[in-house]
Amino acid sequence: MRIGLILQEMWAGIRSNITMVVSIILVAFVSLTFVGVTMLLQAQVGLMNSYWAKNAQVAIYLCTDYSPETACPTGIATDGEKAAVKAQLDSAAVSPYVESYAFEDQAQAYEKFVAEFGATGTAQYITADQLNEAFWVNLKDPNQSDLLVESFSGLGGVEEVRDQRSYLDGIFAFLNAASLMGAGVAAVMLLSATLLISTTIRLSAISRSREIGIMRLVGASRFSIQLPFILEGVVAAAIGGLLSVGATLAIVKYFVADFLATSLAFTSFVGIDDALRIAPYLIGIGIGLAVLSSAISIRRYLKA
Amino acid sequence: MIRLENVSKTYKGGTSPALNNVSLDIQRGDFVFLVGSSGSGKSSMLRIMMREEKVDSGLALVLGENLTRISSSRVAQLRRKLGVVFQDFRLLPNKTVFQNVAFALQVIGRSKAFIETAVPDVLRLVGLEEKSSRYPRELSGGEQQRVAIARALVNRPDVLLADEPTGNLDPATSVEIMNLLDRINLSGTTVVMATHDRSIVDRMQKRVVEVKNGEIVRDAQTAGYKEIPSAEITTITTTTWAISESVEDQE
Numbered sequence: 001m002r003i004g005l006i007l008q009e010m011w012a013g014i015r016s017n018i019t020m021v022v023s024i025i026l027v028a029f030v031s032l033t034f035v036g037v038t039m040l041l042q043a044q045v046g047l048m049n050s051y052w053a054k055n056a057q058v059a060i061y062l063c064t065d066y067s068p069e070t071a072c073p074t075g076i077a078t079d080g081e082k083a084a085v086k087a088q089l090d091s092a093a094v095s096p097y098v099e100s101y102a103f104e105d106q107a108q109a110y111e112k113f114v115a116e117f118g119a120t121g122t123a124q125y126i127t128a129d130q131l132n133e134a135f136w137v138n139l140k141d142p143n144q145s146d147l148l149v150e151s152f153s154g155l156g157g158v159e160e161v162r163d164q165r166s167y168l169d170g171i172f173a174f175l176n177a178a179s180l181m182g183a184g185v186a187a188v189m190l191l192s193a194t195l196l197i198s199t200t201i202r203l204s205a206i207s208r209s210r211e212i213g214i215m216r217l218v219g220a221s222r223f224s225i226q227l228p229f230i231l232e233g234v235v236a237a238a239i240g241g242l243l244s245v246g247a248t249l250a251i252v253k254y255f256v257a258d259f260l261a262t263s264l265a266f267t268s269f270v271g272i273d274d275a276l277r278i279a280p281y282l283i284g285i286g287i288g289l290a291v292l293s294s295a296i297s298i299r300r301y302l303k304a
Numbered sequence: 305m306i307r308l309e310n311v312s313k314t315y316k317g318g319t320s321p322a323l324n325n326v327s328l329d330i331q332r333g334d335f336v337f338l339v340g341s342s343g344s345g346k347s348s349m350l351r352i353m354m355r356e357e358k359v360d361s362g363l364a365l366v367l368g369e370n371l372t373r374i375s376s377s378r379v380a381q382l383r384r385k386l387g388v389v390f391q392d393f394r395l396l397p398n399k400t401v402f403q404n405v406a407f408a409l410q411v412i413g414r415s416k417a418f419i420e421t422a423v424p425d426v427l428r429l430v431g432l433e434e435k436s437s438r439y440p441r442e443l444s445g446g447e448q449q450r451v452a453i454a455r456a457l458v459n460r461p462d463v464l465l466a467d468e469p470t471g472n473l474d475p476a477t478s479v480e481i482m483n484l485l486d487r488i489n490l491s492g493t494t495v496v497m498a499t500h501d502r503s504i505v506d507r508m509q510k511r512v513v514e515v516k517n518g519e520i521v522r523d524a525q526t527a528g529y530k531e532i533p534s535a536e537i538t539t540i541t542t543t544t545w546a547i548s549e550s551v552e553d554q555e
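Protein chains in written order, with the working numbering: chain A, 1 to 304; chain B, 305 to 555.
It cannot be assumed that every hint is accurate.
So, partial list: chain A residues that the calculated Cβ filter (under 8 Å) puts toward chain B [as the list claims (entries may be wrong)]:
hint : residue
1    : Arg2
2    : Leu5
3    : Ala220
4    : Ser221
5    : Arg222
6    : Ser224
Simulated DEER-style distance windows between Cβ atoms [stated by the list, open to error]:
hint : chain 1 : residue 1 : chain 2 : residue 2 : range
7    : B       : Tyr439    : A       : Ala187    : 46 to 54 Å
8    : B       : Asp392    : A       : Ile272    : 58 to 66 Å
9    : B       : Gly343    : A       : Gly213    : 20 to 28 Å
10   : A       : Leu191    : B       : Asp392    : 37 to 45 Å
11   : A       : Thr19     : B       : Glu434    : 37 to 45 Å
12   : B       : Thr372    : A       : Gly184    : 48 to 56 Å
13   : A       : Val22     : B       : Arg460    : 41 to 49 Å
14   : A       : Leu191    : B       : Tyr315    : 35 to 43 Å
Residues of chain A placed beyond 12 Å of chain B at every Cβ, according to the derived structure [stated by the list, open to error]:
hint : residue
15   : Ile6
16   : Ser23
17   : Val30
18   : Ala123
19   : Asn143
20   : Leu147
21   : Tyr167
22   : Leu175
23   : Ile225
24   : Arg277
25   : Leu292
No lab work stands behind these hints: they were computed from the structure. Heads up, the beta-carbon is just placed ideally off N, CA and C, and yes, glycines get one too.
Work out the full structure: start from the sequences and follow the hints.
Here it is, written out as structure tokens:
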């Protein structure tokens, strides 16, 4: 059977079943968008892991006048205590693990705070002496932050030793939970897309039973009888896949790149290139699903 | 050409067999009527010949293919050499006469050039060349059946199987259709036709196989219903089959 005729048969099937085909497109679109968002979330987790592995620092916060007494019983850190911390950083026990470190005084901390949150917001109620002086330490291996926590926590004049990455634990937990939820919704939606494709093929076969009967009697091959039906599902799922690619691109462009990346500058975000990278997977999953479900339902409804 | 040997068939859920130990031999160029009341089993025999149904036991040979063990791709190939006509015509309402006939060739991948010559040829044979761009609803019953016959013949089959082709037609139109089938048979195509129309069978003077309750009760070369004793038929057919089989072996 010629390809033109197969396409003609497929088109006839789509036209006679247009509402079902539209519902396949929509369900495939929504489910594959969930798949895409889940994949983007996971890409974001990976991205943040590697970003913070490179950029995360460990802060050794020194005591201020406002520090809680449990951590700083003697009040603000003295020059001697600061020198002791610096000496510890340079010591043979610690220095092999340290890439570099820098001291930040209260004035610098205030500048950074203003730069981050703006002069008009919270900064109005904050004065420089409320902020901690700190040693910012870059480790050779960012996973060894426990070492610094242990060796500096008990030191006089040190309020707290904090690995910046610990602030991210909550964000990672949130992203992973969102991924799981997205994957769950995607799985349910993909299942309903599969069932919908199978039902549509059955309806399509019923509405064209006369053609099918004639094709079988004149000796058309099983493949050429079944192909238009398979293509019908494949085309609908592929259109849904294309729409989901468009949706993920739009999410990345308008939500992530234009909104999140400008308002939350603390990390790098997934970009258009990541969305393009997952596009073939979305279309591939859609088509694979259509082939699978039509192959199953054709066995049941289109015996040749 | 076609041979059934001790064929039995019971449909799912059926209590009595549709066919019970049926044997039949049809030679190239034969014109055979299968007669009997509805439910007698004549349609089942046709359905087995076109491999719409499988036999439960026994042997079914059509055009050299053993239908008891044939792959589905071979079934498709076999059907290209069988023409089939039904009582209800089975035309596609949204296609013209030409398109209906051409459809049978398109779906088996015949070339456009072949279709352009074969379809007008066969429409001329059935006398419908003037109406090739009409739709089935614009045609009379007899004309619709002639389109169906044209579709069955367009790929030049060796055998034409017809299941009650005159069942929906008035007597005068039935005669036209029978004359057409006779002409097709004279040009060398084997015709097997199931019918319960006595008058047609009487008029045509062809071989008659009568089926009753799934069994063949009469197999007669009718010349005014003169019956050939069944023992004689068996010998004749067995010998000729042996010859045709040995020819096949050489191929």
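Hints and how they fare:
1. Evaluation of the arginine 2 of chain A hint against chain B yields a held restraint, the C-beta minimum of about 6 Å falling below 8 Å.
2. A hinted interface residue such as leucine 5 of chain A counts as satisfied when its beta carbon comes closer than 8 Å to some beta carbon of chain B; here the least separation is about 5 Å, so the hint holds.
3. Given the 8 Å rule on beta carbons, the hint for alanine 220 of chain A holds: about 4 Å separates it from the nearest Cβ of chain B.
4. A hinted interface residue such as serine 221 of chain A counts as satisfied when its beta carbon comes closer than 8 Å to some beta carbon of chain B; here the least separation is about 5 Å, so the hint holds.
5. Interface restraint check for arginine 222 of chain A: the shortest CB-CB distance to chain B comes to about 6 Å, inside 8 Å, so the restraint holds.
6. For serine 224 of chain A, the interface hint holds, the least distance from its beta-carbon to any beta-carbon of chain B being 6 Å, beneath 8 Å.
7. At roughly 49 Å, the beta carbons of tyrosine 439 of chain B and alanine 187 of chain A sit within the given window of 46 to 54 Å.
8. Our hint of 58 to 66 Å for aspartate 392 of chain B and isoleucine 272 of chain A holds, since their Cβ atoms are close to 59 Å apart.
9. A C-beta distance of roughly 22 Å is found between glycine 343 of chain B and glycine 213 of chain A, which places it inside the suggested range of 20 to 28 Å.
10. Roughly 41 Å separates the CB atoms of leucine 191 of chain A and aspartate 392 of chain B, a value that falls within the hinted 37 to 45 Å.
11. Take threonine 19 of chain A and glutamate 434 of chain B: their Cβ atoms lie about 41 Å apart, and the range 37 to 45 Å holds.
12. About 51 Å separates the C-beta atoms of threonine 372 of chain B and glycine 184 of chain A, a value consistent with the hinted range of 48 to 56 Å.
13. Roughly 44 Å separates the CB atoms of valine 22 of chain A and arginine 460 of chain B, a value that falls within the hinted 41 to 49 Å.
14. In this structure the hint that leucine 191 of chain A and tyrosine 315 of chain B lie 35 to 43 Å apart at CB holds, the actual value being about 37 Å.
15. The non-interface label for isoleucine 6 of chain A is inconsistent with chain B: the shortest C-beta to C-beta separation is roughly 9 Å, within 12 Å.
16. Distance check on serine 23 of chain A: its Cβ is at least 25 Å (rounded) from any Cβ of chain B, clearing the 12 Å threshold; non-interface status holds.
17. Annotated as non-interface, valine 30 of chain A keeps its C-beta farther than 12 Å from every C-beta of chain B; the closest such distance is 34 Å.
18. Residue placement check: alanine 123 of chain A keeps its beta carbon more than 12 Å from all beta carbons of chain B (closest about 76 Å).
19. In this structure asparagine 143 of chain A is separated from chain B by more than 12 Å, as the shortest Cβ-Cβ distance comes to about 62 Å.
20. Listed as a non-interface residue, leucine 147 of chain A keeps its Cβ farther than 12 Å from every Cβ of chain B; the least gap is roughly 71 Å.
21. No Cβ of chain B comes within 12 Å of the Cβ of tyrosine 167 of chain A; the nearest lies about 65 Å off, and the non-interface call holds.
22. Distance check on leucine 175 of chain A: its Cβ is at least 52 Å (rounded) from any Cβ of chain B, clearing the 12 Å threshold; non-interface status holds.
23. Listed as a non-interface residue, isoleucine 225 of chain A fails to keep its Cβ farther than 12 Å from every Cβ of chain B; the least gap is roughly 8 Å.
24. Once the 12 Å rule is applied to beta carbons, arginine 277 of chain A is consistent with being away from chain B; the minimum gap is 41 Å.
25. With a least beta-carbon separation of about 21 Å from chain B, leucine 292 of chain A lies farther than 12 Å from that chain, consistent with its non-interface assignment.
Comparing the model with each earlier hint shows violations of hints 15 and 23; every other hint is respected.
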